[in-house]
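Colleague: One gets my numbering by counting positions in the sequence shown from 1 and adding 7 to each.
There may be inaccurate statements among the hints.
[To be verified] Heads up, simulated BS3-like pairs for lysine-lysine below, C-alpha to C-alpha not over 27 Å straight-line:
(1) 158 to 80
(2) 80 to 171
(3) 175 to 101
(4) 175 to 158
(5) 85 to 117
(6) 100 to 175
[Unchecked claim] Distance ranges between label pairs, derived from CB positions:
(7) 141 to 204: 10 to 20 Å
(8) 70 to 107: 31 to 41 Å
(9) 156 to 205: 11 to 21 Å
(10) 188 to 214: 31 to 41 Å
(11) 70 to 101: 37 to 47 Å
(12) 214 to 96: 16 to 26 Å
(13) 82 to 212: 20 to 30 Å
(14) 107 to 179: 27 to 37 Å
(15) 99 to 70: 17 to 27 Å
(16) 156 to 213: 29 to 39 Å
(17) 99 to 75: 37 to 47 Å
Treat the hints as calculated values from the structure; they're not laboratory data.
Every residue, glycine too, gets a C-beta built ideally from N, C-alpha and C.
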Amino acid sequence: MMVLYGRRLAMTVLFFFALAATYETLSGIHTYSLVQNMIAKASDHPKKTDETLIQAEAANHTPSLEESFDWSKYPVKKVVATGYTAGEESTGKKPGHPSYGITYSGVKVKRDLYSTVAADPSVFPIGTILFIPGYGYGVVADTGSAIKGNKIDLYFDSVQEVYKEWGKRTVDVHIIQMGSGKITEEEITALNEDEAMQVFRQNYLKNMKEN
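Using the sequences and the hints, build the whole thing.
Modeller: Laid out in structure tokens, this is it:
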């Protein structure tokens with residue numbers, strides 16, 4: 008590849024000099040410096056192309072939430088985290104039930120950049136915002152008869168996602184904000200539509216579609 012590029016460059020140099028000699032003879036204008044600049048640009052092109060590709064690749068890389076913020080400034084609590092769905096296997100409710108997909112707080116279950124999660128209100132009051140490594144932001148909006156003490160239940164859209172993406176883990180969650188005991192649909196929507204977080208949200212939604 009380097010040999011081929013060297014031959015092309017040599018031919019380009021010869022062509023430029025021949026062109027310069029002809030132009031100088033006809034016009035009387037010295038073109039040596041002009042040719043030097045043209046050769047320099049031609050020889051430097053591959054390097055610039057490589058740099059451009061590297062820069063473009065870097066620009067297309069969206070860092071994960073884990074590597075984008077200093078999580079050490081937030082309190083940490085070790086919990087056992089499981090996954091649940093809105094379905095009968097988790098809630099005993101089927102589609103069509105008036106309370107299907109509705110959390111204890113009254114908001115709808117949601118898997119987004121900020122997802123609804125269940126917790127023991129005596130540990131994490133309704134409205135508490137957590138960051139769960141490997142899952143993302145969780146807003147405590149639900150409770151559960153089996154979710155007592157240092158346990159949380161993370162919402163997923165399907166049973167398959169629960170097993171594929173999570174299962175059961177012991178994790179250190181970061182407490183971003185303790186809740187007041189209530190949360191509204193409008194507040195969760197505002198969190199997910201926060202302009203400063205859209206780059207992360209779009210990356211998250213893209214990964215969800217790919218999976």
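Colleague: Below or equal to 27 Å on CA atoms is what counts here, so check residue 175 against residue 158.
Modeller: Answer holds: residue 175 to residue 158 is near 11 Å, not above 27 Å.
Colleague: Is the hinted range of 37 to 47 Å satisfied by the C-beta distance from residue 70 to residue 101?
Modeller: 41 Å, holds
Colleague: When you check the alpha-carbon spacing of residue 175 and residue 101, does it fall within 27 Å?
Modeller: Distance ~24 Å between residue 175 and residue 101 Cα, so the pair holds.
Colleague: Under the criterion that the straight-line Cα-Cα distance not exceed 27 Å, is the pair residue 158, residue 80 satisfied?
Modeller: 22 Å, holds
Colleague: For residue 156 and residue 213, compare the CB-CB distance with the range 29 to 39 Å and indicate the outcome.
Modeller: Since the Cβ atoms of residue 156 and residue 213 sit about 36 Å apart, the hinted range of 29 to 39 Å holds.
Colleague: Residue 85 and residue 117: Cα distance at most 27 Å?
Modeller: Holds - the C-alpha atoms of residue 117 and residue 85 are around 23 Å apart, at most 27 Å.
Colleague: Given the proposed pairing of residue 100 with residue 175, does the C-alpha separation stay at or below 27 Å?
Modeller: 22 Å, holds
Colleague: Taking the beta carbons of residue 214 and residue 96, is their distance inside 16 to 26 Å?
Modeller: Hint holds: Cβ distance 25 Å, inside 16 to 26 Å.
Colleague: Hint says 17 to 27 Å; check whether the CB-CB distance for residue 99 and residue 70 agrees.
Modeller: 40 Å, violated
Colleague: Is the distance from the Cβ of residue 156 to the Cβ of residue 205 consistent with 11 to 21 Å?
Modeller: Between residue 156 and residue 205, where Cβ atoms are some 36 Å apart, the hint is violated.
Colleague: Please check whether residue 141 and residue 204 have a Cβ separation lying inside 10 to 20 Å.
Modeller: Check passed, 18 Å falls within 10 to 20 Å.
Colleague: Taking the beta carbons of residue 107 and residue 179, is their distance inside 27 to 37 Å?
Modeller: 33 Å, holds
Of the numbered hints stated above, those contradicted by the structure are hints 2, 9, 15, listed in ascending order.
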